[in-house]
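Mind docking chain B on chain A? Use the hints.
Protein chains: 2
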Amino acid sequence: MLRRLVLVLVLMAPIGLRAESGLDAWLRYAPLEEPVARRYRDALPAVVVTLGTEAPVQSAKSELLRGIRGMLNRNLRAAARIPSEPAIVIGTLAQIRQAAPQLAAAGNIEGDGFWLRTVRSNGVRSIVIAGDTDRGVLYGTFALLRKIALGESINDLEQKEMPYSPIRWVNHWENLDGSIERGYGGRSIFWENGKAREDLSRVSDYGRLLASLGINGTSINNVNADARVLSSEFLPQIVRVADALRPWGVKVALSVDFGSPRTVGGLTTFDPLDPGVIAYWKNKADEIYRAVPDLGGFVLKADSEGRVGPSAVGRTHADAANVVARALKPHGGVFFYRGFVYDNRMDWRNPKNDRARAADDNFRNLDGKFDDNVFIQIKNGPIDYQVREPASPLFGTLEKTNQVIELQITQEYMGQGRHTVFLVPMWKEVLDFDMRARPGMTTPVKALVAGKVFGRPSGGMIGVSNVGLDESWFGNHMSQANLYGFGRLAWNPDLSSKQIIDEWTRLTFGDDPKVVETVTSMQLSSWRTYENYTGPLGLQTLTDITGNHYGLAVEASERNGWGQWHFADEKGVGMERSVARGTGFAGQYRPDVAKVYESVETTPDDLLLFFHHVPYTQKLRSGKTVIQYIYDSHYEGAETVAKYANDWRALKGRIDDRRFAEVLAQLQYQAGQAIVWRDGVATYFFKMSGIADAKNRIGNYPGRLEAESAALKDYAVRAVTPPEGASGEKAIDCPVARCEATFKYSGESGWRDVTVRYFDVNSGAAKYRVSVNGQLVAEWTATDRVPTRRIDSASSARHIIEGIQLRAGDEILIEGIPEGSETAGLDYIEIVPTP
Amino acid sequence: MLRRLVLVLVLMAPIGLRAESGLDAWLRYAPLEEPVARRYRDALPAVVVTLGTEAPVQSAKSELLRGIRGMLNRNLRAAARIPSEPAIVIGTLAQIRQAAPQLAAAGNIEGDGFWLRTVRSNGVRSIVIAGDTDRGVLYGTFALLRKIALGESINDLEQKEMPYSPIRWVNHWENLDGSIERGYGGRSIFWENGKAREDLSRVSDYGRLLASLGINGTSINNVNADARVLSSEFLPQIVRVADALRPWGVKVALSVDFGSPRTVGGLTTFDPLDPGVIAYWKNKADEIYRAVPDLGGFVLKADSEGRVGPSAVGRTHADAANVVARALKPHGGVFFYRGFVYDNRMDWRNPKNDRARAADDNFRNLDGKFDDNVFIQIKNGPIDYQVREPASPLFGTLEKTNQVIELQITQEYMGQGRHTVFLVPMWKEVLDFDMRARPGMTTPVKALVAGKVFGRPSGGMIGVSNVGLDESWFGNHMSQANLYGFGRLAWNPDLSSKQIIDEWTRLTFGDDPKVVETVTSMQLSSWRTYENYTGPLGLQTLTDITGNHYGLAVEASERNGWGQWHFADEKGVGMERSVARGTGFAGQYRPDVAKVYESVETTPDDLLLFFHHVPYTQKLRSGKTVIQYIYDSHYEGAETVAKYANDWRALKGRIDDRRFAEVLAQLQYQAGQAIVWRDGVATYFFKMSGIADAKNRIGNYPGRLEAESAALKDYAVRAVTPPEGASGEKAIDCPVARCEATFKYSGESGWRDVTVRYFDVNSGAAKYRVSVNGQLVAEWTATDRVPTRRIDSASSARHIIEGIQLRAGDEILIEGIPEGSETAGLDYIEIVPTP
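Chains A and B, in that order, give the protein sequences. Start counting the first sequence at 255; every next residue gets the next number (the working numbering). Start counting the second sequence at 255; every next residue gets the next number (the working numbering).
Just chain A, with the same shape it has in the complex (with noise of 0.2 Å):
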């Protein structure tokens, strides 16, 4: 009975009722304070006026109602013509030149952007948006409305905004069957069984979120691309789509497969200089524009990861990339071609062998090229989104052909919405790291991205987005972040950090300034507080990355053939990439930049084992050695995640208890991980080097009992692989229905604190009981679901019992039940004093 009541109130009484799911992400309009909502009431017009009958605009109309509603509780009133009181006036510079040309002022507004003013006519005072293009009218109106999220000044508006660049894009690796490659969300918004989702409202919402920010078109299924999404029949479903994107003037483009004239088109070949292939994708085009005439065009991973290229017919990536552009073109469609391209059979012991070579060595030859209407697309880094990785060389090289910067919103190895990393931060170091590219000029990448260094026609930035149906869109509310400076950084990369996250906090979780303060300064550290625990000093994430790119694997870049290894020895550690030295890698930038990276001496310390190989007692600026700051990093990161959770806590009452439980959860378990890793890459690089940790904290755990030296019933010892994902290299798991594991504790008596370390695979619900002397403590059930299903460090997980009175010789019981295939696994337990 309450909860149908509380739906009907929810439409009833906005105010105080919002239920915070995380769903409207940024575009909450949360009521404002009495006060402030008061001067915002004065200052607005009640009639709010709509020039143009088109979908962008009208939804620019609706969207400022729905937030004036929200956060002033006023319902405008929405006219079509000039009313002779004060208007929101909402319209091209084009119309409203003919409808009120007392109301526009002279100038223009370029590409997507959009004039906020304040005019006053006849004693009456107006409030005009617009823009050149729809699109720009419904960017300023999300633009004013931000100003009133903000509490900013409406009352004298004169606010011009033009894009950085017109490519403002973000790209899903979503697979039709509704699965998303490196999505961490939830499942598709898009799909589901090989069609689109019955229901595509959630695309809608999406599409507001995406036109809050400026983002202008999107990539709608996978890079590794299916080829049946050029099929005749498969057109309705891009159709749908395309329908629930459109009013947020969101154009939508195809990933495609390579091979398609052959696998789907009939044709015994995809050779690029085929004339039925040439006819083909003209044909394909033109079919998909008669459906689809707004659509943006076509992404191409090619000859990268298994993908078929031109190069199995002995093609060029320039061929490939003219025959698509080509059947595009005459419909103003665009053509996005990989740069991630690169061969991942690559022998370790060549010396000369590097994949942060392979984008620059692929693409180099053939600057000049490619059609106007090709983009290559090139990711930040010349590896694959690790935690920390140089510019691109590649942004430095191109002058005659148009490229965009291709950036990882989803979390692959950052964490995957499990750990909080705001990436901002991150890409800024790309996005103004100065190329060295043009002599007399300072060149950025994000200049060179825009084409604005060699007057490339066009260019700008794409997001991999991935964002899914749960209800935070990412898994994580904190790494809405990522989309939402993502999207104003592809606007104005100029932005800073600080003053994106600061939008971000206060449009999300509201002004309490203790929420703002705590939030922000968390956000801002998370990427180095990342970077400390996963891989510092250019180690890369030192992750699974021929797995799950998410548990700790220091080794799993050693010895494969994927071309990134960071050659850890008993002597030192490191890549070495210097010309003089090694592959040479440092050598594909400019020679500015170039000669920087080639030297130990002055390669950055961030950079410094990905470019050099060094003895583990090399000295870092700060006179550390690297391996004392390996062991420190570590220590640092993991006890800064501990903070955030416990800052965090301080928050209760403060944000909504939902978000609130959900992202303290998601801290708490974060904190969990960091200790996984400080302790498996802390020991691993002891082992390694044999050099001591100037703090003797490795291997000295106060409290720590390990499971394989408890007294055990029915459970077994088993070595884990890696060894660094249990403590002590060893587990126990319960190979029968029921197991026990006895601990002794021979401490002093008092108030203890028990954490259990055990793990928690993905293929099962195993129980836990936890009694002294026969008095059960705690019982859990191990229902997460991290990416594994093997007892590792992504396993490993860990519950804490606070405050038990423990008394030398007390005997602590675990018991283990296992269900499905998880076998009750335990790593060891701590017992300290309760704080």
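Some hints here could point you the wrong way.
Since copy identity is lost for identical chains, a pair holds within one copy or between any two.
[Claimed, not checked] Taking lysine-lysine and the DSS-like style, the derived pairs with C-alpha atoms no more than 30 Å apart in a straight line are:
id: 1; residue 1: K768; residue 2: K906
id: 2; residue 1: K752; residue 2: K414
id: 3; residue 1: K998; residue 2: K682
Hint data in this document are derived by calculation from the structure and do not stem from the laboratory. It should be emphasised that the depicted structure is a prediction, and the values quoted were computed from it without experimental measurement.
Chain B alone, transformed into the frame defined by chain A:
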């Protein structure tokens, strides 16, 4: 993913993550603020010793562990023997004297009482929780936990409490199919499809709530009893429920059908003097006690509202009661014989007829004829849970018969959980009312029902609880205060309403002073408020008493056979119950009380119309006329509820989001219903009396536009029955698939709130859409479930659209789209300036 994380975390870290569903009611054990928690951690021993192994004592131990874990985040150490360190020792006095004589004081504990003591012995300080019975031990444990939750000192405990009377029971009117007669919190926690529910965890949760109040017995099926409850096949179901309640010291009892010997016993009669019938009851009792040795006893409703009773076979209530009581006697069982016996086919034209007389008329002459284990179960008032009744005269009449008072916790005539009505102040008025039953002493009802006045061996209080499966138990979090208050009063009727509600509020919603002040003042005034708009001056609840007992229907109590009329005519109102001029009911009281009620001059204003028929112009003690008081109280009542909702809204962020939203929804709904009552009752009496309201409010509703006066397309105008269910006595409903009503606004320009008064019946989900000049401003679906299928006062609902900018001439269009048998009815709209 996050959901799983949260589940895991709830177990892992109790602090800050509590989901506030209402399920734990006042036993939330919410974490205390750190400084307070520290104080208790220092004061509490770390070890708890349980001396007994009986179920209630084991419950005491687990409850103590649970409470301390929740409030202090500490897991006490459980032991079975007294240690040499400080301990909390839990046991009966006898056990303590045997196991640890040094901890036992001289003295005894009566009944289910308890004794909390701090004892210093050999330099060790212990806390002793003792009882004479297992129950007492359990109650003492709850008392200690309550002290901690309320922030009271536990440093030097010396607190002994004995219950005021031995019988502290709750009844349930739950049918074996899972429905509940007069239950408003969902389906039965006991029954489902003719059996005990498979999952009885809610029964166990409930037992815990009852035990925390000292409630020691409960009947588990409807007094309108299903004879199957006594069949041998059903017995295992009773055993299961008894097993779930036994650990909480709560005995179960059964409501029985007096016709059972014939209907299920295979006999041809149920005559209580028939040897076969005598044997039937004996054998049946023996059989049941073999399965449930601690059964509490039976409850019987006989000769009332269609239930068979002794009158059918020419026997007395005493005959009937004693035959069953004698069967129970050897097992220690008791028998509750309900005093709620009356004839519902009275002739209203006979001025001597009066249902209020029934209980006293039926039982007066049988005083002394009942066995010692029989209790006459007497409702607080002579009618039936009306909003204001005098104490039943029968309390003062019986001298040689056991009695218990029956109070109604479920809010049958009190808004059915949809309205917040805290009943403790009402119960206190009855319990403290001096019946003047014995010369030379005060004889309040509480003393009479406890047997203290006439030296009866036993007595007490019974509450009709009717909780359900809703997580709030009652469909309204605020209604939990009634169960809490009943239990506290049953334990100690000398507690004040203020003390009870203060405890409840702090335990249920926390210690925030603004929360405590808001909730307690709302609850304490809520009964008077409800009375103000539903039936002041002893008029009774002016509801549909022959129907749902919920909505407004002033004349439902006129000209029928139910014996409770208010006889409103053009001259006056009220039922004359004096001896001199009326039914003689006043004469059933002892002389000192009777003479007060006999005359208009001495009868309290609050009961004036219960006892007397007076002209509308009769002056009250305040000098105000009866008719003006009726008008004023209704306006005051409606205003007060609107204030409740506003006051509650100001608690945003001080209470968990979920309960905040649910209670706000409830109060806003109640505020809307109070207006319906206000308008309906005031209009009724204005029409009847022809006397104008001194403030000229009746019929003058600022901004109200009747639906029947709007421009209608397909909507049909219909008279509403009873007429006070709709403004202007008419509504419109939609006989086709879609209808329109258009209202023309003619006021000044500006921000306006528009209230749409529509009808939300329980047999469909109609849609409504509201537009202003074609602009959609609101839409909703009518999915509430109030107990009516008709367009009437009970289904009258409102939707408020705040902040609409209107101009004279604007057209407000309401579209109604019926669904099921809900016809999208409309009463009116009301347009007022936005505050």
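Going through the hints against the structure:
{"no.": "1", "hint": "K768 - K906", "in the structure": "both (11 Å within a copy, 18 Å between copies)"}
{"no.": "2", "hint": "K752 - K414", "in the structure": "within (22 Å within a copy, 62 Å between copies)"}
{"no.": "3", "hint": "K998 - K682", "in the structure": "neither (52 Å within a copy, 57 Å between copies)"}
Hint compliance for this structure: hint 3 is the single one not met.
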